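Novice: Residue-level listing of the chains:
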Amino acid sequence: MLFQDIVFWLLSVVAVGCALGVVLIRDLFRAALLLVAVFIAVGGFFVLLNAEFLAVVQVLIYAGAIAVLIIFAVMLTRDVQQGNPPNRLQIPAGVLSALLLAALIVVAIDTHWSFLPDEDRQSVELVQTGAVSTIPAESLERAGVSDAAAQEAVEKAGLADLLIGQYVLPFEAVSVLLLAALIGALALVRPSPSTGSEGAGASRPGVSGTDAD
Amino acid sequence: MVNEALVWAIFLLPLGSFVLIALVIRPFLNRWPLLAALSTIAALTASTVLAAITLRSVIVHHGAVFLSWDWLSYGGATIQMGLLVDPLTAVMLVVVTSVSLLIQIYSVGYMDGDPGLARYFAYMSLFTASMLGLTLSSNIVQLYAFWELVGVSSYLLIGFWHDRPSAAAAAKKAFIVTRIGDVGFLIAILYLFFKADDFAAVGLNAFHIPDIWQAAQPVAAGAAVLGGAALTWMALGIFAGAAGKSGQFPLHAWLPDAMEGPTPVSALIHAATMVAAGVFLVARFFPVFQQSVEAMAVVALIGAFTALMAATMGLVMNDIKRVMAYSTVSQLGYMMAALGLGAYHAAIFHLVTHAVFKALLFLGAGSVNHASGTFDMTYMGGLRKYMPATYILVMIASLSLIGIIPLAGFWSKDEILLAAFDGNAGFADWINIVTFVGLIAGVVFTAFYTVRMVMLTFYGEFKGGVDQENADLHPQPAASAQPHADAGDDAHDEEGGHHGGVHLAESPLVMVAPMAVLGLGAVVIGYVINPQWINFLGVPIHWVTGFVADGLHVATGGEGHAKLPDFDWQMAGISTAAAVAGALAGLAVYGLRRDPVREPLRILGPLYVLLSQKYYIDVLYENLIVRRSFYRVFAALANWLDRRLVDGVVDLVGWFFRNIGSAVARLQSGQVQAYGTAIALGSLLIILGFLLAS
Amino acid sequence: MSFEAFMIVAAVLFCIGLYGSLARRNVLAVLMSIELMFNAVNVTLVAMAKYLAPAGLQESISTALTGQVFAVFVITVAAAEIALGLGIVFAMYRTNESVDLTEASQLRH
Amino acid sequence: MNAYDVYVISPYLAMAGAAILVIIFDLALPRRAGGLLPYLAFMLLAGPFVLSLYQFYDLGLAANLVREGTTAESSILEGSLSVDRFALFFNFLVTGSAALVVLASTEYVKLMPRFRGEYFGLLLFSATGMMLLAAATELITIYVALELTSLPIAALAAFLMSGRSSEAGMKFLIIGAISSAVLLYGMALVFGFTGSTELSDISAAVGHAGGDIAFGNYALLIGLVLLVAGFGFKISAAPFQMWVPDVYEGAPTPVVAFLSVASKAAGFAVLFRVLFTGFFDVSLDWAVLIAALAAASMTIGNAVAIAQSNIRRLFGYSTIAHAGYLLVGVAAAVSSGGSLPDVPVFASIGLDSVLFYLVAYTAANLTAFFAIAAIGERVGSDRISDYAGLFSRSPALAITLALALIALIGVPPTGIFIAKLYVFTAAVDSGLAWLAIVGVVNSAVSAYYYIRIIRTMFLQQASVSPGAPPSRNPAPWAALGVAAAVLVFLGVAPGFVMEAAGAAVSALGV
Amino acid sequence: MSPEFNGLLTATVFLPAVGAVLLLLLRGNRVIRGAAVAIAVADLVLALFVFALFERGADAARFQFVDQFAWIPDVGLKASYLLAVDGLSAPLVALTGLLGLSAVLASWRVSTRVKEYFFWLLLLQTAVMGVFTALDLLLFFLFWELELVPMYMLISIWGTGRKEYSAMKFLIFTILGSAFMLVAIVAVFLTPGVGTFNLIELSATGGVLASAATLLPLSWLFWLFFVGFAVKLPTWPLHTWLPDAHTDAPTAASVMLAGVLLKMGGYGLLRVNVGLFPEQSWEFAWVLVALGVISVLYGAVVTIRQTDLKRLIAYSSVSHMGLVLLGIGSVGVAGGTLTATGLSGAAMQLFTHGTITGLLFLAVGLVYEKAHTRYIPDLGGLAGRMPFVAAAMLIAGLASLGLPGLSGFVSELLVFLGAYRAYDWPTVLAVLGIVLAAGYILWMMERTFFGARRERFADITDASLVEAAPLALMVICIIGIGVYPALLTDMFDTALEPMVRAINGG
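From first to last, the protein sequence lines are chains A, B, C, D and E. Read left to right, the first sequence gives residues 1 to 213 (this note's numbering). Read left to right, the second sequence gives residues 1001 to 1694 (this note's numbering). Read left to right, the third sequence gives residues 2001 to 2109 (this note's numbering). Read left to right, the fourth sequence gives residues 3001 to 3510 (this note's numbering). Read left to right, the fifth sequence gives residues 4001 to 4506 (this note's numbering).
Isolated chain A, as found in the complex (with noise of 0.2 Å):
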């Protein structure tokens, strides 16, 4: 355990270091790298929380693909020279932080959580970390799961049974949101070929609302 404590502490440093860096520093292209060691570190903690696959998704989606988009939106708007300063909110929202960081704080401790049972851990740790892949029978004799059964429960627990069963109503929503999404920024992103920049729409005030206020 002491091994993983002290990785849990450096990626936590990490994560909270990297994350108050993307948040103060004024480079945004720099931002944007710490935001990938964020990304990273909460990987790690993905791993040390037994979802494996999850830290791979996280590696994958997160520091892979989007955190190269946003790279290239930074780098595609003129910008990034002048930075990323604060606005004039900084003390409120630091406060409000803060405030709300107190009271998640004393939700997680004094929360009376119901924490699995020790009997339980066991089988849900190879769930966990056996979701994406099979799980060798001595792994569930060693858990304690030895009735067939239950062996067959855990062995056929996974994310992807989940993804497409239970959860397959948000698993297929979500599939439409993404196709929304991309539709919606394709939509936005291309330049109307008529007027350039600017909709045609604009041209009419009532329409766009483009008078003065």
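A few of these clues could be false.
Per the computed footprint, the stretches of chain A lying under chain D, defined by three or more beta-carbons under 8 Å from a beta-carbon of chain D, are [claimed, not checked]:
#1 40-54
#2 107-115
Now the in silico label distances, taken between C-beta atoms and shown as ranges [said to hold, decoys possible]:
#3 A:Asp161 <-> D:Arg3067: 42 to 50 Å
#4 D:Val3345 <-> B:Gly1689: 19 to 27 Å
#5 D:Ala3478 <-> E:Val4018: 24 to 32 Å
#6 E:Ala4458 <-> B:Pro1027: 17 to 25 Å
#7 A:His112 <-> D:Val3345: 42 to 50 Å
#8 E:Arg4062 <-> B:Val1202: 31 to 39 Å
Bear in mind the hints are in silico, worked out from the structure with no lab data behind them. Here the structure is a predicted model, which is why all the values come from computation and not from measurement. All residues carry an ideal CB built from backbone N, CA and C; glycine is no exception.
Given chain A's structure and the hints, the job is docking chains B, C, D and E onto it.
Specialist: The following block gives chains B, C, D and E in isolation, referenced to the frame of chain A:
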């Protein structure tokens, strides 16, 4: 028994005349205004005849009460419209119809050529009808209704020349002042209704006048339905109404101003009939008054005081009609005093004689005005030569007013003075003494101002009438006494009357004839209808006084005849002495004066000013109370409060909402992150709220 | 390495993200901060899956994965959101020539 | 996943399919035929509508189409979805308003040279999310559906490619993202404490969470507050409302119309599901919160609306105020008037009234926004002062807008009058008379700014030159007419919708 | 709920609205005017039918001409379409018809946006008729609110002066007041065991509210209703909308506003506050009396300062409506001895004030139309130029100050008679109000119609036939009622006696 339909007709005929004129003649036949006069005179002639028949019938059969229809009915008290014909009513009917008839005839001449003639006769008809209705009412609410209608007719007639600001103002003043008194009357009615259940418990109707009489009478077992302090207050409420109508102090201020109306109106309404309605009202509820010594004392004192005070004011007036107006106030004071003293019969008797001679006096003033064009006596003089008939008739009336034997005024005034001399047994001595002294002093002053009036008008040299008056006024245009007059705006060139120019001649027959009839009355009516020593021309001793006193006697549950005091030589001597003294003083002052223009009484100095300013009572009322205190301060304050405070709060709330909106909208800075901050802040506040609450 | 520790770290990340999303002017920085918040939630969810007892564990052992499933969806939705967000950033950049949120305040009051 | 599951979710599938089809047709059809697109979308909406209708009849006496078990008519979706009368009620509401918005957009999309297919597609995607939201009974599904509702609208808000439009889109997106993060954290806490994302399990766990603070413990307290904050964004309740006027002002008018009615309705639907099926046992605690939010929303919305000069902005504040009135009904659905003082009693009249209110509000706001869109086309401005003399220029539009405005005040004989009456009745019934009084006073205050618009249209002289001639396209007129007719119909004969609302609420099974 | 349908009232109520819609199809101002008059006449005829055919016998049904069917089914809100009149409302229906016609005739010279004008005017008539006939609280409220929009439009489009401010003020005040009323209506409905908006059932059962456990204390309900009605009446200190609205409204709107809209407040107080809450009425009568007396005196004092003719009449309305409160306050008489006097007076005052103020506003409208000013110091001597108008004004004024023989006297007398039994000194104070009334009425007459003729009014003409007709109509009413008040009081009493019994019994 009198025939109910006939009695109704007395009232309905003039009313019909009014309706006819108002709805037909005035709108469609205005080119022939004499039709209106005809209608009025015809109706009144018939009414007079019917009134005489009624009187006769009442003499023979005593009174009668007719209840015709329920007007409204609530909680055991039914307001029944009906007729109450008792001796008082019968006498009043005859007085009102006959005087009114004569004055209508007179008006045909006096008002000749006035563009509003039809309107005039309509109002006159309405007034007569209302007055008759008033005397006939069997129900206090009905009485009140006609009471008010009389008031409004008076308002209309005073303001008949409504384009004259002073007339309009005087009309308004008359109405409002009398209405202040009417509040007391109304409250008395409210009190009656308050007691309606008690009335009903003994089978009486709280609004029915004979029932009220009965309720006020003490009963053997227990308290009367009406009694104690409440009865006094109720009586005083009624008296307040009466005082307003009859111009008793402190509500007398309107009556002199009311002379802005046409002179026949003054004669009929503000001398002979309507102002006497106050006396009538007290007489009508005399059985109630009788039960309260306090109320009687108030009536007596106010009557005596008014009699004296008005007489003094009459001393210095230059307007002949105002002199007569104060004289009227004064004489009404005598009647009130008589009532207060318990001399019911004397008051009514004086009411009758006064109606005749005062009407005559006013008609005489009208006649004088007809010739001179003015009412200002300082521009008259020497008219005796030009209008002898008028002169003689006015002399008769004046002597009657002064109380010279054997003219009408003497007999009736003598009865009042006798009653005052005897005093009311219930009163404290000082009250009796004060009353008597006041009344006697009044006699002196009455004689004085009457003589002054006659001297100024008929003797000496003619001083130019209206022409001279206009010439004097020309440099300073129409300085009206009325506050609301738009000075200078008025295109009228005459100030005192509507007859332009001076034409020194006797008035036409249509005017003189009614005066002559009244003159005859002023001579004979005092003794002939109320002989003092022996039955005269078939009329029994104390006929009128006995007649009305019997009416009262019966009403209060008495048996047989009322007992009346006999003629008292001693008293007659005192009163005659007082009258002659006053008259001689007047003769001395005005017959022997050297400067025909300067007013001799000016030597009184400040007293003269005080009198000519009417004791500053008008100033007090109009300037100090109404204008300065009420209108400029109190009402202005209320108005200011309404706009600033009450409405201001409303506007403030509106302003607040509009601006709080803008203020909050300012927070909507357009910064999207501010919105996010609001979300965070809101969430935290909610959490905090829950934590604090639990 | 306790549950509370994970919760606290996640809460710290979340609040840093919140602060960043409220206090930075550049819209991309804001989007990044929002991603931080989503990541914090994911850590919370997965930690809960590991340490806390899911309801109905006795009936179905797969409930132990609910937290992870939730996190999968959060990641996906976040991806969609960032994609659309960048699209809008570009649209805004094209019209306003700026990605500064403070300047994007034509609509106000 | 079997055929029955597909049947269960067929309305959603049909809606999403319609969205995709519209986009495909847009790509496939020749450019000339682009004008047909809205009609196509309109007809495709018949799919979800008919399927919902079929499901409605199929439901019969049953409470829910999604059933547990192993028969052919059982579903693996059990627990995460509830196709009941409540969900179907919102299916109809969403499809109906979507159809009207599509019709009303026919003229509007002509302003867009391209991407009309995307426009309608996104609209329908959003509608899919809304329908799903009303049926979801599981936090993950709720979250995804919520995002599916919001994200397309964010894109649509920015669709005009103008500065204001993209600013509106950006604001909506960022506030949406922040609040969805907040919501997620709340969901996580709830999940952590209860161990489940299914509302039924949550309900069971919440019931046992006794404690001496509100909601029993900190996790539930903060979790629920964060949830309410997230939904508060959706329904535009104060203090989560500040984005509303900006987005209303900047986004395309039909989108705002859709946002203001369907999105809000869906937000309320999910709020009901979560609060009443998940957290009813602690309802006495959150009812206070809801009541406070209601009072704040009404007051802030109305107070600020008074100061507005842009009509769409004004409607932004108006919608906040109406969220407040609706929340009054939500708070009123919890009554402590039972025999035990600490045990909440469900007063269905509260939710009945909110559902009815939503329908009436949908009709009124659609009427208003359709009119505003048409007027904007003609007058070329959204400034209220430029509406001067509108009555003389376009009487029909002026009258319809006036009708909507009068309805929004709550003056009879319009649907909102009945709705407000219903809501305040519910409030009084649940002992929230103070809230009802706040509500009615607010209604009275709101008259000021609504009437001001009417006054401008009817009484003032035109200050700007007459704009474009009225459109000959019948579709927007039809949409406007239908919305207005429904509005009046609801005022005159509210019985039908009331009964439907009652049935829907009873399906929540609290 | 038994469906009944007589139809007469439905026709009376909705004829103007239907006519208003039909007007929209017409063209040409003359045609529209003519049609409007025809509609108003027809409605007056219907209203007079209602009045005349109302059975007055002792055994006649209390509510007559019932039109009833279910409106909102029993889902939380059970409401019915229920129109009927009793002795209280039948005269008010007739009054509305009368003033409606007068208002239409008084609008003869409206020349801007004629069609709209008559549309709103007729719609207003429907709303008011509806208020007086609806006996379902919800329907009542619906009509109550319906009246707002037409009145708002009439003031703010065709008014003068600060018309928009005044119209808005009118609107906000009324809406605020009715907001309170709405809460009360709802609370009454929700009272366990009540569950109905039906006023007949509510008042027939009388004690139901008293015995049931209401959601809000009964006294709350009483005051919530009271606020709604008091704003309309209006009562001090909620009156400030009235002078503004009256002053800036066009003549016809003023006529309707003063003539019938204010009456809605008094009607509501009688019908709902006294009818449903006899015990509270008794308990709080002293407050009503206090407010009434303050309104009477305060209104009168402020009236005296007014220099705008319409404003003057408006404030006098505040004063006179105070008498309504005073009359209602008469229920505070010692237990068991109440008679219908005061209530009848209040109801009577509603009717008479309607005719009197209607007449005053009509006359002032004519003055303004011809002299182009309402500023009293600028006027004067008009009686010579327009004797008919002056006579009408004088009659109205005299009626208003309570001259016997005119209708105002009867109502004032009854109010005072009734109130004096319960509260003697306050009543005496209120009686002083009529002296003040004499003051301001006569002073107004003096400064407006009397006095020297003025050059600039030389070419003013008297009322034409069309203009004179409504005036004559009102004068006939005023005199007729003044001479034979039993015509109305008999009807009022049939409706008020049950209330009196309820209070005496309670």
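Novice: Each hint should be assessed against the structure and marked as holding or not.
Specialist: So, going through the hints one by one against the coordinates:
1. 40-54: Answer violated; 0 residues pass the 8 Å Cβ test.
2. 107-115: Since 6 is at least three, the answer is holds.
3. A:Asp161 <-> D:Arg3067: 42 to 50 Å: 21 Å, violated
4. D:Val3345 <-> B:Gly1689: 19 to 27 Å: 24 Å, holds
5. D:Ala3478 <-> E:Val4018: 24 to 32 Å: At roughly 27 Å between Cβ atoms, Val4018 (chain E) and Ala3478 (chain D) fall inside 24 to 32 Å, so the hint holds.
6. E:Ala4458 <-> B:Pro1027: 17 to 25 Å: 22 Å, holds
7. A:His112 <-> D:Val3345: 42 to 50 Å: Between His112 (chain A) and Val3345 (chain D), where Cβ atoms are some 28 Å apart, the hint is violated.
8. E:Arg4062 <-> B:Val1202: 31 to 39 Å: The hint (31 to 39 Å, Cβ to Cβ) holds, given that Arg4062 (chain E) and Val1202 (chain B) are roughly 34 Å apart.
In this structure, the hints that do not hold are numbers 1, 3, 7, in rising order.
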